[in-house]
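**Q** Each chain, letter by letter, is given below.
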Amino acid sequence: MIHYATQAARAQVARSDIPFHRYVFDDGSVWTEFYRDKNGYLLRFPGLADFTVSADGTHVTAWPTEDSDATTVEHLYINQLVPLALSRQGRPAFHASVVTVPDGAIAFLAETGRGKSTLAASYALNGAMFLTDDALIIEETPAGSMAQPSHASIRLWDDSKNALVGDEKLDSTTISYSSKARLIGGDALPYSNAPCRLLAAFELGSEISQGVTISELKGLDRYMAWLRNSFLLDVQDRDLLAKHFEWTHRISSEVPTFALDFPRDYAMLADVRETVAKHLITLYD
Amino acid sequence: MTDTKLETRFTIPPQVMSRLVEDETVLLDLASGLYFGLDGVGKRIWESVSAGDSLEETVAVISAEYDVGEAQAEADVIAFTSELVERDLLSR
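Going down the list, the protein sequences come from chains A and B. In this note's numbering, each residue's number is its place in the first sequence (first place is 1) plus 70. In this note's numbering, each residue's number is its place in the second sequence (first place is 1) plus 67.
Where hints are given, some of them may not hold.
What the hints assert, rightly or not - A few chain A residues that face chain B, going by a derived Cβ cut-off under 7 Å, partial list only:
(1) Ile284
(2) Leu287
(3) Gly289
(4) Arg308
(5) Leu310
(6) Trp317
(7) His319
(8) Arg320
Said to hold, decoys possible - Cut-off 30 Å, straight-line C-alpha distance, at most; resulting in silico cross-link-like pairs (DSBU-like, lysine-lysine):
(9) A/Lys250 x A/Lys231
(10) A/Lys313 x B/Lys110
(11) B/Lys110 x B/Lys72
(12) A/Lys108 x A/Lys250
(13) A/Lys288 x B/Lys72
(14) A/Lys231 x A/Lys348
Stated by the list, open to error - Some chain A residues flagged as far from chain B (calculated, every beta-carbon gap over 10 Å):
(15) Val305
(16) Leu350
(17) Thr352
Please keep in mind that the hints were generated in silico from the structure rather than gathered at the bench. Beta carbons are placed, not taken as given, at the ideal position from N, Cα and C, and that holds for glycine.
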């Protein structure tokens with residue numbers, strides 16, 4: 071549970087302290103700065119919003135900039151703050167999209183830009199339902215790792231949207247910092263709001279292969295696939311790091327994990343779905 | 068360079084966590100937030116020293132299980148444990 075509030079717009083005042091952690095894009099631009107604050111943390115998305123997070127991760131307050139808008143702030147909260155705050159509460163959170171398959175769900179672990187949202191939309195438009203397009207929250211239960219549903223939307227670049235949806239009318243909104251469209255789940259883009267048992271996870275590769283390839287990840291490779299796709303609010307907190315080490319070990323040991331690669335060609339997506347489906351049959355039959 | 072005696076026994080510092088992941092061992096140094104992976108001989112040396120074996124006992128284990136001479140095993144074990152000590156993953 072997170073208590074969320076938004077405040078009136080304010081300027082992002084320069085800070086005298088150095089952030090203890092940063093998310094940086096490949097081009098060097100800063101996406102997020104993590105600061106310690108008197109009551110917990112301050113996460114700064116330059117030009118967009120500040121968010122204060124209580125030390126225990128249970129309270130989040132948004133402080134938009136004048137240039138930001140409600141949709142953008144809501145999006146940042148859902149896709150960034152929720153998984154980070156939940157990680158602070160000790161709940162496992164990962165960069166992944168999740169879709170339903172017979173008897174459960176599968177996750178596509180990947181950093182930004184690897185195509186996990188496109189895959190999720192591709193599944194949802196072809197008979198499956200999506201649970202999340204970007205942040206996988208796992209509830210560990212005696213029955214296994216349960217993927218929790220997130221916001222009922224999928225963000226797609228225009229080329230993905232045009233290739234997958236075409237002229238079909240889907241509810242959508244736009245976000246100020248990105249040209250991605252946010253498609254809202256509904257009849258045409260089915261969304262599941264029920265937790266589903268995670269049957270397998272596929273880490274998306276960097277488009278090295280010529281066709282659709284799936285290979286099992288073992289040992290350290292398997293552990294690291296989950297680790298490098300983790301959300302973790304405070305990378306310097308030893309107690310949290312220790313918990314993170316343990317839950318990553320438990321989940322990576324329990325959920326069969328594979329490397330999945332394919333050319334990022336929209337015409338290949340049907341092959342990807344078919345290959346994954348066949349692979350799941352071999353896994354569970 | 069520290070002179071290493073064969074009767075040396077190591078301890079795992081409190082800031083170091085380890086878990087077996089199939090046939091590999093993953094270490095986390097909580098102080099630095101860095102992760103390390105050990106497999107093969109490195110994993111076996113870690114198992115031995117973290118179980119409380121002395122260097123001499125670990126050398127015997129490696130020599131026997133990997134069919135290498137004691138001199139080679141001793142050099143390998145000392146080099147590997149020294150690196151772990153330098154990285155604060157083991158304490159003498």
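**Q** Take the hints in turn and mark each one as holding or not.
**A** Checked hints:
1. Ile284: Interface hint status for A/Ile284: violated (18 Å vs cutoff 7 Å).
2. Leu287: violated (10 Å)
3. Gly289: Cβ of A/Gly289 sits 4 Å from chain B, so the hint holds.
4. Arg308: Holds, because the Cβ-Cβ distance from A/Arg308 to chain B comes to roughly 4 Å (cut-off 7 Å).
5. Leu310: violated (10 Å)
6. Trp317: violated (11 Å)
7. His319: Interface hint status for A/His319: holds (5 Å vs cutoff 7 Å).
8. Arg320: violated (9 Å)
9. A/Lys250 x A/Lys231: Holds: A/Lys250 and A/Lys231 sit about 9 Å apart, inside 30 Å.
10. A/Lys313 x B/Lys110: Satisfied, since the Cα-Cα distance of roughly 23 Å is no more than 30 Å.
11. B/Lys110 x B/Lys72: Roughly 21 Å between the alpha carbons, so the hint for B/Lys110 and B/Lys72 holds.
12. A/Lys108 x A/Lys250: violated (35 Å)
13. A/Lys288 x B/Lys72: With a Cα-Cα distance of about 37 Å, the restraint between A/Lys288 and B/Lys72 is violated, given a limit of 30 Å.
14. A/Lys231 x A/Lys348: holds (26 Å)
15. Val305: Given a closest Cβ separation of 5 Å, the condition is violated.
16. Leu350: Fine: 21 Å to the nearest Cβ keeps A/Leu350 off the interface.
17. Thr352: holds (20 Å)
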